[in-house]
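First to last, the sequence lines map onto chains A and B.
Here the first sequence stands for residues 1 to 254, numbered as in this note's numbering.
Here the second sequence stands for residues 255 to 533, numbered as in this note's numbering.
Please note that a few of the clues may not be correct.
The list that follows gives simulated cross-link-like pairs (lysine-lysine, DSS-like), each with its CA atoms no further than 30 Å apart [claimed, not checked]:
1. B:Lys468 - A:Lys166
2. A:Lys166 - B:Lys315
3. A:Lys252 - B:Lys275
Calculated from the model, a selection of chain B residues having no Cβ within reach of chain A, i.e. all distances over 12 Å [claimed, not checked]:
4. Gly262
5. Ala288
6. Asp369
7. Ala386
8. Ile471
Derived from the structure by calculation, the hints contain no laboratory data.
A virtual CB, placed ideally from N, CA and C, is assigned to each residue, including glycine.
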Amino acid sequence: MTTHVLGDTGILTGRSLRHILRSPDTIITTAVTPIALMLLFVYVLGGAINTGSDESYVNYMLPGILLITIASGIAYTAYRLFLDMQGGIFERFQSMPIARSSVLWGHVLTSLVSNLISVAIVIGVALIMGFRTGASVGAWLAVAGILILFTLALTWLAVIAGLSAKTVDGASAFSYPLIFLPFISSAFVPTDSMPGPVAWFAENQPVTSIVNTIRALFAGDPVGSEIWIALAWIVGIFVVAYAFAIAAYRRKIS
Amino acid sequence: MTTQQTLGPAIRVQGIEKSFKDLNVLRGVDFEVARGSIFALLGSNGAGKTTLVRILSTLLKADAGAATVHGFDVAAMAGDVRESISLTGQFAAVDEVLTGRENLVLVAKLRHLKDPGAIADDLLARFSLTEAGNRRAGTYSGGMRRRLDIAMSLIGNPPIIFLDEPTTGLDPQARIDVWQTVKALAANGTTVLLTTQYLDEAEQLADRIAILHKGTIIRNGTLAELKQLLPPATVEYVEKQPSLEDVFLALVGDTGDESNGAAETSAADRTVAARKEPR
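When you get a sec, could you build the whole thing from the sequences and use the hints?
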């Protein structure tokens, strides 16, 4: 039956992508909040923020905005998974001769596609607001790779939430701290402007290294060792979240 | 399909036990279901019917005992069991965002069948859903949703079908539609295990009836056998008042092809011999 994993995943991904096509508001609402934040920071607060570089502020804060976009987008994955389990469709799939992991992977790949669309919309708005980059094709690919990995890692966190939530609200509430994390990082202001303990936290949490790496890639600067710290964080979150998600899934279907 | 035809009963359940924390839901359940028959598990809410169906359809593992479905052990050969069954759960398992037709196509694709579109169109026609086929299932009435749900379960012609309270929450007409479908399935050789809390449903449909009470089967037999458990019936003549169901069906008219006897004869002034058990 394992031979069907890819085929079944494809069919189930098609199913949940159709859900998104029928309610495109999930993509739009995902993009609206980051865009509003971007407008607020660039046109209201940005003038008073000294980033210590001569880059435009929209260039400076876009990486953090992209991470916020993804962090809010994955909540829909937990939501859709939770609804599947509440209705009978999850049990129907489980009682059918299909590869069992494909039920989760269908949701994960759908999350990837919808988040990348939201990210593209946000980048489009940023370009209108004056975002400019001289990044090479290789740098763009590196940014895309980091964002894809980041989405996958957070999506598996969303899978845990979706599988173990008791209510719809619980299924999406887990994403609030994730959305908040970029504010205590180098995403909007340099960390050295923060008081000691806060600066220490900001410098040693995953968002800062990821933001700095993407910022350097967009600016065409050397990324240095920061990219390895960023990748270690992302892959670490991915592996741990995946393991817990699969364990939660096993408990659910056994 | 890896399923091969196996001899012996379609379903065999031996000493199945299951508890959730300190609640003993099933305490040693035994029964067999013959191939091509309709077997009804009768029990009140909380008797353990759904738990048993979930174990037999590989959604839940039993704490003790053994069960085979289509000759395959539910614990050791769950994959083969899933190839042989279809489950229609208590709550219509349809995707509300997809249309009726898309729901059917989805299941046909997941069962790796050729020409899912043709299978879907055929089932839409059989279940009088052709017109509604391109509407979202979320807009369907309870009866249509249940019909779609059962249609999804028939895809791939599994030899054994589990129906968990298939008519709960349906109006009388939709209930009769479901009964006709179940009878037609059994007539074509499909084994049907259905759970119900409606006594008349078991009486109408089942070849054998097992009464599940407090986690065990307290009686198992044909309707005639179960009736013999009570003292012989005395025959009395009573005027049969039309039941509200008779009135409802007579007023709304169309009840399908086979079972509209109640609606066609003038139910009001019939006098029939009714069984009345002595107190």
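Taking the hints in turn, this is what the structure says about them:
Pair hint Lys468 of chain B plus Lys166 of chain A holds up; C-alpha atoms about 28 Å apart against a cutoff of 30 Å. Under the criterion of a C-alpha separation no larger than 30 Å, the hint pairing Lys166 of chain A with Lys315 of chain B is consistent with the structure, at around 22 Å. Taken as a hint, the Lys252 of chain A and Lys275 of chain B pair is honoured in the structure, with Cα atoms around 16 Å apart against an allowance of 30 Å. The claim that Gly262 of chain B lies off the interface holds: its Cβ sits roughly 21 Å from the closest Cβ of chain A, which is beyond the 12 Å cut-off.
Every CB of chain A is more than 12 Å from the CB of Ala288 of chain B (nearest about 22 Å), matching its label as outside the interface. For Asp369 of chain B, the non-interface assignment is confirmed: its Cβ lies about 15 Å from the closest Cβ of chain A, beyond the 12 Å cut-off. The Cβ of Ala386 of chain B lies farther than 12 Å from every Cβ of chain A, with a closest approach of about 17 Å, so its non-interface assignment holds. For Ile471 of chain B, the condition that its CB be more than 12 Å from all CB atoms of chain A holds, with the nearest at approximately 23 Å.
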